[in-house]
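Residue numbers (full-length UniProt numbering), protein chains in the order written: chain A, 1 to 561; chain B, 1 to 92.
The hints are simulated quantities; they were obtained by calculation from the structure and are not laboratory data. Any given hint could be a false lead.
Said to hold, decoys possible - Some but not every residue of chain A turned toward chain B, in silico, with C-beta under 8 Å: (1) A15; (2) H60; (3) D248; (4) V290.
Stated by the list, open to error - With a straight-line cut-off of 27 Å between C-alpha atoms, the simulated DSSO-like cross-links for lysine-lysine are: (5) A:K320 x A:K54; (6) A:K427 x A:K551; (7) B:K9 x A:K112; (8) A:K320 x B:K14; (9) A:K431 x A:K31; (10) A:K23 x A:K54; (11) A:K54 x A:K112; (12) A:K31 x A:K320; (13) A:K54 x B:K14; (14) A:K551 x A:K23; (15) A:K112 x A:K23; (16) A:K54 x A:K31; (17) A:K182 x B:K14; (18) A:K182 x B:K9; (19) B:K9 x A:K54; (20) A:K551 x A:K126; (21) A:K31 x A:K427; (22) A:K182 x B:K35; (23) A:K427 x B:K35; (24) A:K54 x A:K182; (25) A:K320 x A:K23; (26) A:K126 x A:K112; (27) A:K112 x A:K427; (28) A:K548 x A:K112; (29) B:K35 x A:K431.
Said to hold, decoys possible - If you anchor each label on the Cβ, the simulated ranges turn out as follows: (30) B:A57 x A:W420: 35 to 45 Å; (31) A:I8 x B:D3: 52 to 62 Å; (32) B:L62 x A:I174: 39 to 49 Å; (33) B:K35 x A:G230: 25 to 35 Å; (34) A:V432 x B:A57: 52 to 62 Å; (35) A:I174 x B:Q65: 36 to 46 Å.
Here the structure is a predicted model, which is why all the values come from computation and not from measurement. The beta carbon of each residue, even a glycine, is placed where N, CA and C say it ideally should be.
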Amino acid sequence: MNAIFVLIAGIGAMALGYLFYSKFIAERIYKLDPNFRTPAHEFEDGVDFVPTNKYVLWGHHFTSVAGAAPIIGPAIAVIWGWVPAFLWVILGTIFFAGVHDAGAIWASNRNKAKSIGALTGDVVGKRARSLFMIVIFLVLLMVNAVFAVVIAGLLVDFNSAVIPVWGAIFVALIIGQLIYRKLVGLLAVSIIGVIALYTLIGLGPAFPLALPETFMGLSDRAQWIIILFGYAAIASLLPVWVLLQPRDYINGLQLFIGLILLYAAVLLAGPDMVAPAFNTDVPAGTPSIVPLLFVTIACGAISGFHGLVAGGTTSKQLDKETDARFVGYFGAVGEGSLALAAIIAAAAGFATLADWQAVYHSFGQGGVNAFVAGGANILSNGIGLSEGLAQTLLTVMAVLFAGTTMDTGLRLQRYIFQEWGQIYDIKWMQKVIPATLLAVGACVLLAFGAGGADGSGGLLIWPLFGTTNQLLAGLTLLVITVILVRYGRPMYYTLIPLLFLLVMTVAALIIQLRTFYEQQDWFLFGLDIVVLIAAIFIALECGSTLNKLRKGELESSEVKD
Amino acid sequence: MNDRLGRIKALWRKANAFAEEAYNAPYRSAIARAKRDQDDLFMLMVYSELMGIPNPASFYTLELQPLMLERFHEWHIRMGMEHSPLDNIRCC
Chain A
1 MNAIFVLIAG IGAMALGYLF YSKFIAERIY KLDPNFRTPA HEFEDGVDFV PTNKYVLWGH
61 HFTSVAGAAP IIGPAIAVIW GWVPAFLWVI LGTIFFAGVH DAGAIWASNR NKAKSIGALT
121 GDVVGKRARS LFMIVIFLVL LMVNAVFAVV IAGLLVDFNS AVIPVWGAIF VALIIGQLIY
181 RKLVGLLAVS IIGVIALYTL IGLGPAFPLA LPETFMGLSD RAQWIIILFG YAAIASLLPV
241 WVLLQPRDYI NGLQLFIGLI LLYAAVLLAG PDMVAPAFNT DVPAGTPSIV PLLFVTIACG
301 AISGFHGLVA GGTTSKQLDK ETDARFVGYF GAVGEGSLAL AAIIAAAAGF ATLADWQAVY
361 HSFGQGGVNA FVAGGANILS NGIGLSEGLA QTLLTVMAVL FAGTTMDTGL RLQRYIFQEW
421 GQIYDIKWMQ KVIPATLLAV GACVLLAFGA GGADGSGGLL IWPLFGTTNQ LLAGLTLLVI
481 TVILVRYGRP MYYTLIPLLF LLVMTVAALI IQLRTFYEQQ DWFLFGLDIV VLIAAIFIAL
541 ECGSTLNKLR KGELESSEVK D
Chain B
1 MNDRLGRIKA LWRKANAFAE EAYNAPYRSA IARAKRDQDD LFMLMVYSEL MGIPNPASFY
61 TLELQPLMLE RFHEWHIRMG MEHSPLDNIR CC
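Taking the hints into account, I'd like the entire structure generated from these sequences.
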């Protein structure tokens with residue numbers, strides 16, 4: 001089938017979802033009220049609570065949630081054929097992610113813009129709140145480890161991107177200074193920044209850089225992983241306006257440019273979907289599609305990480321309650337469209353089926369490298385970029401996303417360690433540098449522990465990361481469901497996704513547990529057990545909360561309509 | 001011609017303001033909080049002698065005390081103290 005049809009069908013379905021289903025959910029279920037006084041107005045302080053234009057807020061929400069994950073997940077999942085991945089991304093976006101994201105903003109907005117973690121404590125109970133913290137810690141740990149492995153892999157395979165990737169840091173540092181010192185207007189700075197970044201991308205293929213194959217017994221991947229964590233540790237210690245803020249801004253621009261280029265190239269080149277629609281001949285060792293598909297693609301179909309952004313920051317800036325539909329649901333649609341682009345690149349970007357099979361020769365091998373290779377083919381056929389340039393461009397796009405996430409993730413993890421230091425009265429752990437070293441140490445351990453000394457097998461934990469992410473989404477959905485029941489509204493629109501996620505994640509954990517046991521991979525086996533215990537506790541919490549709801553014990557006067 | 005130029009300028013200004021908002025909105029709170037921490041440290045320096053911490057620059061910081069009184073009030077409220085903790089400064 002031609003990729004143009006896939007693209008139009010996907011975008012069309014998500015557009016219909018936004019036009020009709022989100023309208024139904026917003027008006028009938030959440031009953032968004034344009035006259036509700038949002039926390040941004042009620043507690044306006046110019047710091048946390050600031051009523052913000054809905055397009056700006058959408059841009060912020062979308063660029064905070066969209067990262068490398070909606071590219072990696074779908075690009076791995078194409079191994080089962082492109083149709084299952086396509087269906088899960090599209091239906092997941094329409095019926096799961098949009099409802100979850102808009103619901104998280106709504107729930108937080110109705111409760112003084114509290115974070116979803118705090119809301120879990122209020123609405124479900126203290127135990128659920130502690131679970132929430134543990135799951136967040138696990139998600140951060142895995143995301144940092146996985147992204148370091150992914151970036152290292154990309155920098156080794158596409159070494160033309162090394163100069164632009166590291167050069168982008170200097171571009172960000174310079175534009176950060178230009179803006180901070182108010183030397184140039186922001187629009188001019190944006191144009192300068194984008195031109196500088198694309199000049200570096202243009203120079204990349206002419207000056208490829210590679211590390212020595214082995215250095216002090218470490219492979220080139222392992223060297224990159226260590227360098228990346230060194231960078232992330234330093235970056236996470238800098239004030240946000242120095243590096244993170246300008247980097248994030250440039251990444252946002254880069255995301256829109258990249259998506260437009262990719263979609264335009266698909267429309268102009270009209271490649272065929274080379275990958276099988278349903279892959280009946282999966283490589284040995286590939287796990288069963290049900291339930292693994294539903295945890296391999298987390299971001300792009302439904303992701304708990306969005307709830308953290310929705311509750312922590314977005315809801316504090318909501319100008320009108322009705323904006324939750326546009327910001328939350330359309331934000332999810334934006335992420336779905338990125339995942340769709342990844343599927344098309346990984347399924348249609350190869351010349352023949354044999355080429356495709358050579359890349360997808362075992363589970364976890366396709367991934368983001370397939371996205372870069374496939375996407376570059378489409379870009380060069382569609383808009384005539386040279387293949388080296390197109391590869392550099394897509395690599396830079398993926399690496400910059402993942403790099404910014406590592407910076408933020410490490411920062412958050414440091415806060416968690418510092419908080420533990422306070423709770424348990426451990427003085428040294430409250431200090432910035434020891435807490436950062438602990439965070440980095442935990443991530444490095446995971447990155448190497450999961451894949452041996454060369455760090456190449458880090459992607460084995462990808463489905464485990466997806467599982468943890470889905471558990472977080474499950475907790476958020478539970479909170480939304482409880483609030484809906486208290487308001488006396490139908491709960492099935494959030495309860496069914498919740499039950500589906502719980503069943504799939506627990507099943508996936510058990511299947512993976514068996515695989516790790518058979519491979520005698522005791523590190524991942526232990527990690528799987530930790531996540532499994534968290535999942536079982538979450539399922540128990542859900543059961544007991546729903547039971548109480550059924551008996552009417554949870555009716556409380558706290559929540560008023 | 002002038003009219004068109006004016007319109008382009010207005011559009012540029014509008015786009016600039018939009019970009020500015022897009023750049024600042026996500027980090028407004030983090031930066032304001034970091035600034036507040038620095039201000040608190042500065043306040044500690046200005047008022048240090050009142051708490052028995054010797055201040056070699058008190059000759060200069062003494063002048064600043066009245067200027068910072070209002071912020072001092074905000075600070076002790078934020079620190080969970082309803083009234084001023086210092087005997088010689090009664091801001092409320």
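Earlier hints that do not hold, by number | Of the numbered hints, 1, 4, 6, 7, 9, 14, 21, 27, 31 and 34 do not hold.
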